[in-house]
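Assemble chain B onto chain F, guided by the hints.
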Amino acid sequence: MTRSTLITHLILISGAIFMTLPVWVAFATSTHAPETILREGLQIIPGGHFFETYNEVLFVEGGVMKKVTATAMLKNSLILGIGFAVGKVIISMLAAYAIVYFRFRLAVPLFWIIFMTLLLPLEVRIIPSYKVVADLGLLDTHTGLIIPLIASATGTFFFRQFFRSVPDELLEAARLDGATSWGFFIDILVPLSKTMIAAILIIMFVVGWNQYLWPLIMTTKEENYTLVIGIKQIYQVLNEGGELPQFQKAFALTILATLPPVLVVLIFQNWFVKGLVESEK
Amino acid sequence: MSGVQLKSVRKTYPNGAEAIRGVDMDIKSGEMIVFVGPSGCGKSTLLRMVAGLESISSGDISIGDRVINDVSPSERDVAMVFQNYALYPHMSVRGNMSYGLKNRKMDKAEIDKRVNDAATMLKIDQFLDRQPNQLSGGQRQRVAMGRAIVRDPQVFLFDEPLSNLDAKLRVQMRIEIKRLQRRMNVTSIYVTHDQTEAMTLADRLAVINDGRVEQMGAPMDLYNDPKTLFVASFIGAPQINLIPVRFDGIALSNGNLSLPGFKDLPKDADLVLGVRPDVLVETPDGQFEMRVDLVEQHGGENLVYGALTGATNEEGEDLELCLKASKETLPELDGKLTLGFDPATAFVFRKDTGERLI
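Chain order of the listed sequences is F and B.
Using this note's numbering, read the first sequence as starting at 1 and increasing by one per residue.
Using this note's numbering, read the second sequence as starting at 1 and increasing by one per residue.
Hints are computed from structural coordinates only; laboratory data are not their basis.
One thing to keep in mind: the hints can contain errors.
[Unchecked claim] Selected chain F positions facing chain B (Cβ under 7 Å, derived; list incomplete): (1) Arg3; (2) Leu170; (3) Glu172; (4) Ala173; (5) Asp177; (6) Ala179; (7) Ile186; (8) Ile188.
[Unchecked claim] Beyond 10 Å from chain F on every Cβ pair, some chain B residues (computed): (9) Leu53; (10) Gly138; (11) Tyr223; (12) Glu317; (13) Thr329.
For each residue, glycine too, the CB sits at the ideal point set by N, CA and C.
Pulled out of the complex, with its shape left as it was, chain F reads as follows:
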C-alpha cells in the first residue's frame, strides 16, 4: 500500500467512524438497564438487556406509549412512507408527461411555477394545508396524512428531464403503431423509466418516513402516531414523568426508526445508482 492510499484510507475510515459512532452509541445504550444509563451515562459497549427492551417496545402495550406499541407506529410510518413515495411518483410522472408531450398554451409557465415551488418548504403552507385537510374531515386519517404531501416539484423535474431525453422517434413510431396517449405512457414511457422510478421511490420513501412536522400537527390520537412522532413523544415523557427515565426505550425506538430506510437503501442500492446515473438507453 502506497503512502497516498494509506492516507486516503485513514481519512475515509475516520470519516466513517465519525458518521456511524453516534448510531452505535444509541444502539449500545439501548441494550442497557435504565439504572446503568442514569448512573453511568451513554454506553459504548452493548449490555445484556437487548431482548427485554426491544420486546417491551415492540410488543407490550404501555411499554413505550400509553396504549400503542412500536409495531403499530412502525405500521403507520410504513403506510406514510410508501403512500408518500408511490403517490409522488404517480403524480409527478403524470405531470411531467403532460408538460413534455402535450402542447398546451401554458405548459412552460406552468412548469416554471411547479419548479419554483421547489423553493418553498412544506412549513410555508402548513397552516392552509391543515385548514383544507381539517375542513375535508381528514384529520387523523392516513389519507389526510399522505395526500397533501404528494405533489412533488422535485419528482416532476426529474421525470421531465428524463422524458426529454427519450428520442422523439419513439413517440412517432408509437403514433404510427396506433398507440393512444395513454398507451404510449403505459407501454413505452413507464417501462423505460423503470430505474428512474425506482430511484425516486427510494428517495421519497426515506423523505416520507422522516416526515415530522406534518404528522405531528395532523395526528392527535396515539394510534395514528408514526415512529418519528413516537420518538418525540417519548422524550417529552422523559422530562415530565416522576419515574425513572426510560432512556433505553427512547434509544431503541430511534434505532427502529432508522432501520427501514437503511434496509430499503441497502436492498435497492443497485437500482438506485442505476436510476441516477443511467441516461438514455
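Here is chain B on its own, set in the frame of chain F:
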C-alpha cells in the same frame, strides 16, 4: 395497393419559415419514389407530412382515393422506417413487431403468423426473443423493417434508413430493400441524401431543393437530361465538372479557353458549362488542358483530379476538373493532360436561374 397524390402541398411553420413551397406529385401504385436533396431541403418534412407526423399547411395529400390531411397517423395505413430505427428498447423483437398489431386489436394467432412470416422473410426469426440492444445495427434495421412489413400497409415510408450503417452493410441492405419492395409491390417513398442510394433504388427520383421539387423522373433521365444546374450537380458521382463561361457568338470562353461547337446561346448572360467526368477523354487535340494534382485509384477505374489551365472562376481561383478514366491511366502528378469532349454531350446552364439551355 394504392398510389399517393400530393396537390400543391405547402408547409409553413408558425414562425413564418417555409419548409415546403408547393409540391405536386403523383406516385403510382407499387412505385418506389426516392426524395433526394441536400440536408435542410425539406425532403424529410415532406415524408413526415405523408406519415402524418407534420401537419399540412395547405394543399392535399391523398392515399388511393382518400384525402388524408386530417387522418391520424395510425389510420393512414402507412408504415415508417426511421433513421435511428426507433425500436422500443424494452420490448423483444417480437414485441416490437407486434405492438402496432396489438393496438389494432388484431387476433393473436394472426399476429403470430404475420410476425413469423415477416421474420422469416427478413432472416431475423432466430432473434425474435432478443432485446434490441442485443442486436447489431443491421439486425436492428431489419427489425425496424419487419415492424413496417407486418402492418401490411398501403405505403412504406423510409427516412434515411441506411445512414447509421457502415458502408458494406449499407450496400447490402440497399439491395435487400429493393428486392423486398419489388416482391411486396408496395408503394414506397424513400428519403436519402446519398445520391448512389437514390440512383439505385428509385423507380423515379424527385430531386428536392429549398422546399420545391426541382425535377422528377427516372434516375437515368435525370442523369442524362437534367433540367437545372442543381439537378446536374446533385445527380452523378463523381460530380459533374462545372465551368463558368460566356458566349461570344461563336464559342464559349473563359480566359484563354475557347470552346467552339455551341450556338443559339444568349451573349449577355453568365453561363455554366457542365461536362460529366465520364464523357471527358484523353486526346491530343482536346479542348482542355489539365494540370494533374491527384489520382484516386478505385480499382476498376481511376479518377484524375486537377486544375484546368487558362481559366478561372470569378474569384480568380483555379477550376477543378475531374476525369473518369480506365485503371491504366496513371498520369504523373503535376503533369499535363489534354482532354476533349463532344459538345453534344455537354450541358449549358444559365448561371442566374440555373435553367438549362442546351
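Consistency of the hints with the structure:
The criterion of a C-beta within 7 Å of any C-beta in chain B is not met by arginine 3 (chain F), whose closest approach is roughly 44 Å, and the hint is violated. Restraint check, leucine 170 (chain F) versus chain B: the minimum CB separation of about 6 Å is within 7 Å; hint holds. Among the interface hints, the one on glutamate 172 (chain F) holds; its C-beta lies about 5 Å from the nearest C-beta in chain B, closer than the 7 Å criterion. Among the interface hints, the one on alanine 173 (chain F) holds; its C-beta lies about 4 Å from the nearest C-beta in chain B, closer than the 7 Å criterion.
Given hint, aspartate 177 (chain F) at the interface with chain B, holds; its Cβ is 3 Å from that chain's nearest Cβ, closer than 7 Å. With 7 Å as the threshold, the beta carbon of alanine 179 (chain F) comes within range of chain B, its nearest partner Cβ sitting at about 6 Å, so the hint holds. Interface hint status for isoleucine 186 (chain F): violated, as the beta-carbon distance to the closest one in chain B is roughly 12 Å, over 7 Å. Taking 7 Å as the C-beta cut-off, the interface hint given for isoleucine 188 (chain F) holds, the closest approach to chain B being about 6 Å.
Distance to chain F contradicts leucine 53 (chain B) as a non-interface residue, since its nearest Cβ pair spans about 5 Å, not more than 10 Å. Separation of glycine 138 (chain B) from chain F is adequate, the least Cβ-Cβ distance of about 18 Å exceeding the 10 Å criterion. Its beta-carbon lying about 33 Å from the closest one in chain F, tyrosine 223 (chain B) satisfies the requirement of being farther than 10 Å from that chain. For glutamate 317 (chain B), the requirement that its beta carbon stay farther than 10 Å from each beta carbon of chain F is met, with the minimum near 43 Å.
Chain F leaves threonine 329 (chain B) outside its interface by the beta-carbon criterion, the shortest separation being 46 Å against a cut-off of 10 Å.
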